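Could you build all of it, start to finish, from the sequences and the hints given here?
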Amino acid sequence: MGSALESKLEMAIANLNRVHLGEVNTPLEHLPRFSAALGGPQVYIKRDDLTGLAFGGNKTRMLEYSLAVAVERGADTIVFGAAVQSNYCRQLAGACAKLGITLYLILRSEREIDKTAITGNNLIQRLLGAHVTVLSDNDRERQQEAIAAKAEELRAAGHNVYVPRQADTIDLDVIAYAQSALEVVRQSREQGVELQHMYVSAADTTQAGLVLGLKAVGNPMQVKGINPSSKNGNEERMAEMANQAAERLDLDVTLTAADFDNDDSFIGERYGIPTPEGLEALRLLARTEGVLTDPVYTSKALSGLVAHIRGGALPAQEPVVFVHTGGTPAIFGYTDEMVAALA
Numbered sequence: 025m026g027s028a029l030e031s032k033l034e035m036a037i038a039n040l041n042r043v044h045l046g047e048v049n050t051p052l053e054h055l056p057r058f059s060a061a062l063g064g065p066q067v068y069i070k071r072d073d074l075t076g077l078a079f080g081g082n083k084t085r086m087l088e089y090s091l092a093v094a095v096e097r098g099a100d101t102i103v104f105g106a107a108v109q110s111n112y113c114r115q116l117a118g119a120c121a122k123l124g125i126t127l128y129l130i131l132r133s134e135r136e137i138d139k140t141a142i143t144g145n146n147l148i149q150r151l152l153g154a155h156v157t158v159l160s161d162n163d164r165e166r167q168q169e170a171i172a173a174k175a176e177e178l179r180a181a182g183h184n185v186y187v188p189r190q191a192d193t194i195d196l197d198v199i200a201y202a203q204s205a206l207e208v209v210r211q212s213r214e215q216g217v218e219l220q221h222m223y224v225s226a227a228d229t230t231q232a233g234l235v236l237g238l239k240a241v242g243n244p245m246q247v248k249g250i251n252p253s254s255k256n257g258n259e260e261r262m263a264e265m266a267n268q269a270a271e272r273l274d275l276d277v278t279l280t281a282a283d284f285d286n287d288d289s290f291i292g293e294r295y296g297i298p299t300p301e302g303l304e305a306l307r308l309l310a311r312t313e314g315v316l317t318d319p320v321y322t323s324k325a326l327s328g329l330v331a332h333i334r335g336g337a338l339p340a341q342e343p344v345v346f347v348h349t350g351g352t353p354a355i356f357g358y359t360d361e362m363v364a365a366l367a
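The opening residue of the sequence shown carries number 25 in my numbering; numbering runs sequentially from there.
Just so you know, the hints here were simulated from the structure itself, not pulled from any lab data. Nothing here was measured: the structure is a model prediction, and the numbers come from that model. Where is the CB? At the ideal position from N, CA and C, for every residue including glycine. You may find that some hints are simply not true.
To be verified - Cβ-Cβ distance ranges computed for the label pairs, FRET-style:
#: 1; residue 1: N41; residue 2: S289; range: 37 to 43 Å
#: 2; residue 1: E47; residue 2: Q246; range: 25 to 31 Å
#: 3; residue 1: P56; residue 2: G335; range: 19 to 25 Å
#: 4; residue 1: G76; residue 2: R150; range: 34 to 40 Å
#: 5; residue 1: R150; residue 2: S31; range: 41 to 47 Å
#: 6; residue 1: Q246; residue 2: A28; range: 19 to 25 Å
#: 7; residue 1: E47; residue 2: R97; range: 39 to 45 Å
#: 8; residue 1: L147; residue 2: L366; range: 19 to 25 Å
#: 9; residue 1: I137; residue 2: Q341; range: 44 to 50 Å
The following block contains the structure:
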């Protein structure tokens, strides 16, 4: 039964238009030294940091589907915005360079240094040719207004403008991670391990896709999303996104908020600011396995996994997978914090 459901999901995804941007069949690796250091269940890692496009990460999967829509619509320009050290914006800049699309980024500063320092993701997206504007404050509503105004300005100038992550295409990001879930299921079977738990840094589409993919193939693995920002009703929103994706794929699957476990207790001070626990988890994985995580997304999720193993929430006989969603160039946008983490 599982194999038939897996084939159904695989074929449904294969029927979607897609542009090739990276290597999305990423490895599933065992972390024996990290597992031993924690003294709990065996830990595996899904290496979505290795997708390849502009240093890789989870957004590459999503952009393969969402930018296929931009290409179909004949877009010559994309306008988007997030934080100065956004992993999405970095990979979007790489995708636009690869596809020959002009990119305008309107970014908000999470820290005072973000207004002036051109480091980490902010450096890379400029190297890739993005036209970058950094706003003077961290007002998300004003940022969205500025993005909309820039898009209209460019349309008035004759450009065919596409804005990602809109209501009619957001489910494509979800589908990209249903595909990742399918990979994990098949890879774990090939390696002879029955994964029981999955941990991931996720606020919306990534977790929505993982839960949808596992549900679609009948796999009981439990997904724990560690939110790097704030929940604000995320479970309901993820269910809506997942159901939109299921409808597009013609899957007989319906999800509710109860299907989603999203934890915002590891954020720390706020979004975009490292935590001591996250930096300790970053250091532990780096020094036991040679794998780097970033200081504000994946390291916070990893700290949640570490805390739950140390606290006994995950039984030693139940293997767990950590989905590494990338973001490592941000290390170079937080050099002071990284130096402090060396101690």
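Tested hints:
1. N41 / S289: 37 to 43 Å: 39 Å, holds
2. E47 / Q246: 25 to 31 Å: Between E47 and Q246, where Cβ atoms are some 28 Å apart, the hint holds.
3. P56 / G335: 19 to 25 Å: 22 Å, holds
4. G76 / R150: 34 to 40 Å: Given range 34 to 40 Å: violated, Cβ gap about 20 Å.
5. R150 / S31: 41 to 47 Å: Check passed, 43 Å falls within 41 to 47 Å.
6. Q246 / A28: 19 to 25 Å: Given a distance of about 23 Å, which is inside 19 to 25 Å, the answer is holds.
7. E47 / R97: 39 to 45 Å: Taking Cβ atoms as reference, E47 and R97 lie about 26 Å apart, which means the hint is violated.
8. L147 / L366: 19 to 25 Å: 22 Å, holds
9. I137 / Q341: 44 to 50 Å: Check passed, 45 Å falls within 44 to 50 Å.
When the structure is compared with the earlier hints, violations turn up for hints 4, 7 and for no others.
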